[in-house]
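**Student:** Top to bottom, those sequences are chains Y and E. Sequential numbering from 92 applies to the first sequence in this note's numbering. Sequential numbering from 28 applies to the second sequence in this note's numbering.
Hints in this document: simulated from the structure, not taken from any laboratory. If you're wondering where the values come from, they're calculated on a predicted model, not measured in any experiment. Hints are not guaranteed to be accurate.
[Claimed, not checked] Some chain Y residues near chain E, calculated using beta-carbon distances under 7 Å: (1) 165; (2) 168; (3) 172; (4) 173; (5) 214; (6) 218; (7) 221; (8) 226; (9) 227; (10) 258.
Ideal Cβ placement from N, Cα and C applies to all residues, glycine included.
The residues making up each chain are set out below.
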Amino acid sequence: MKVATHIVFGECCLFAASAVFDFHYETPSVLAAALCSVLPDADYPKSWLGHQLGSISEDLHRLFGHRSFMHSLLALALVTAALGSLLWWLTGQSATMISVGVGYGSHLFADMMTLGGVQLFWPGRAIAVFPGRDEYRVVSGGNSERVFVALALILALLFYPVSRVGFDGLIYRLGGADTLYGTVTKVTDGDTIEVETQGRTTPVRLIGVDTPETVAPDEPIGCYGKEASAYTKQILYERQTDKEGRVVREGRLVRLEIPRIGDSEDAYGRTLAYVWIDTDDDGEYEHLFNEDLIEQGYARTTTFAHTYRREFERAREEAEERGAGLWSACPEVDVP
Amino acid sequence: MDFDTSKNGGRREHRHRSGEIPGFSTATRTDSSKARALEDGDFRIPAGSRKAALVHLALEAWRKGLLDPKELGEVRGRIVDEAGLQRALYRSSIGEIEHVLGPIVKGRRIVVEGRLAGTGRTALQRLGAGVEELRLEDERRYVDMTPAIFVVAAVAMAVRYVSLGLDDQSLYILAGMAFALMYGLRPFFFKMQRPRDG
Chain Y
92 MKVATHIVFG ECCLFAASAV FDFHYETPSV LAAALCSVLP DADYPKSWLG HQLGSISEDL
152 HRLFGHRSFM HSLLALALVT AALGSLLWWL TGQSATMISV GVGYGSHLFA DMMTLGGVQL
212 FWPGRAIAVF PGRDEYRVVS GGNSERVFVA LALILALLFY PVSRVGFDGL IYRLGGADTL
272 YGTVTKVTDG DTIEVETQGR TTPVRLIGVD TPETVAPDEP IGCYGKEASA YTKQILYERQ
332 TDKEGRVVRE GRLVRLEIPR IGDSEDAYGR TLAYVWIDTD DDGEYEHLFN EDLIEQGYAR
392 TTTFAHTYRR EFERAREEAE ERGAGLWSAC PEVDVP
Chain E
28 MDFDTSKNGG RREHRHRSGE IPGFSTATRT DSSKARALED GDFRIPAGSR KAALVHLALE
88 AWRKGLLDPK ELGEVRGRIV DEAGLQRALY RSSIGEIEHV LGPIVKGRRI VVEGRLAGTG
148 RTALQRLGAG VEELRLEDER RYVDMTPAIF VVAAVAMAVR YVSLGLDDQS LYILAGMAFA
208 LMYGLRPFFF KMQRPRDG
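Here chain Y stands alone, though its shape is the one from the complex (with noise of 0.2 Å):
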């Protein structure tokens, strides 16, 4: 199969398995998985990688001949434990060695859907071949490869946006959400507060973020718990005067998104919400205050699944790497 063949195919892979298999990538990522997924050509001197290693790629021939040892689960695993262990030490992302795994494999299961097959299973000699029917797999360099290429290439336009949400947040986004609006009345710590709505105080929990605790019974007021409730409660219960200087509102008001996947109220009677605040007051409610509470290092992220788990996932890691908030302030506490 052609260079471009394979790397079309790895990144689909990539893709597919980011959305299946809830990991999130970063650029890196994607180029090992393109990396990886030419490399097992490296014993065949008359391909692209074999040209640019010369005569590594022609020992590696001599030694093992095409489709053998490099094409097998024997160097899967090696390649994935050798390179993938070094980028995920250099890069500080586990996901690189997912995908140095992942396109390495594809480049595997692509050559096993080609006539010749290849020996999965060396030192073993057998052919491992998939589909079993001859007919049925792809001729290197036909039409049926040009077929492969254009079907990977659409599968994976269409698990890139997948895999950026994952695919609970896909689920969560198709299963829709409840809006509401209201003014918040009280903040009762950095990720619950209460919210006047319909004439109605409703106590919120913040969903998929976690500040340290402050007014737990049983508990000790976490590290960097007070400011992080003090950061939500200037954001959110800032008293709204109107031009004269008259207090229009004493809480801020916000738009509430509760989706309709999943349990609405947590153990303790709370609504599960995001929290939409309107910055430049232009009546559209569009900064995620639940995300905001992550980026400036105010809040951990929880673990299970939610609508917008992935981008709170990124905007924890730049937080961490950047030392905002508690990352820097109490590094050395666990993360429940």
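Got chain Y sorted already, so can you dock chain E onto it with the hints?
**Tutor:** Just chain E, lined up with the frame of chain Y:
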């Protein structure tokens, strides 16, 4: 770049009606040291399914004058040529062919030109014959990975129940979609499987 995947590997062009064949080695599955030249009392049949093996064995016995076609019910007492006998054999039940062949092949060596399916081998061995397979010395052995799909389908089905236990809705939906896809494409997956050699 690709290997030659023709399952016969050109073996039909090299086939001779008797004696050793260049490129073939005669060996049982278990002991290749038992290879020896074809003898007069031996039978030589092409590879195939259990029924095909028995039919070819019966035809071979008929050619050697060891089988009376009239013993087969489907022949109905007529005089038949090779084609007629072959038709009658295919119409006959496996049990009837085995009954007719039993006394003829007992204690004899049967050389199969290629790989004999497990049921065919068992059938011939039950009749008291020794079975040997002729294999190309550089024959490539293929492993069909299509059944792995059925393993994935089974895992998807199991994950649905696991997700119920974990109360994970998205996992339940994902596993359900995967299983539905696998189940829907099941006939196609069966068709994708590599046919048995012979």
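**Student:** Work down the list of hints and note, for each, if the structure agrees.
**Tutor:** Taking the hints in turn, this is what the structure says about them:
Hint status for residue 165/Y: violated, given a least beta-carbon distance of 15 Å to chain E, over 7 Å. About 18 Å separates the beta-carbon of residue 168/Y from the nearest beta-carbon of chain E, more than 7 Å, and the hint is not met. Below 7 Å, beta-carbon pairs count as interface contacts, and residue 172/Y has none with chain E, the closest being about 23 Å; its hint is therefore violated. Because the beta carbon of residue 173/Y sits about 26 Å from the nearest beta carbon in chain E, more than 7 Å, this interface hint is broken.
This hint is violated: residue 214/Y has a C-beta 14 Å from the nearest C-beta of chain E, more than the 7 Å allowed. For the restraint placing residue 218/Y at the interface with chain E, the shortest Cβ-Cβ distance is roughly 5 Å, inside the 7 Å limit, so the hint holds. Taking 7 Å as the C-beta cut-off, the interface hint given for residue 221/Y holds, the closest approach to chain E being about 4 Å. Among the interface hints, the one on residue 226/Y is violated; its C-beta lies about 10 Å from the nearest C-beta in chain E, farther than the 7 Å criterion.
At about 6 Å, the closest approach between the beta carbon of residue 227/Y and any beta carbon in chain E falls short of 7 Å, and the interface hint on this residue holds. A least Cβ separation of about 6 Å between residue 258/Y and chain E falls short of the 7 Å threshold, and the interface hint therefore holds.
Of the numbered hints stated above, those contradicted by the structure are hints 1, 2, 3, 4, 5 and 8, listed in ascending order.
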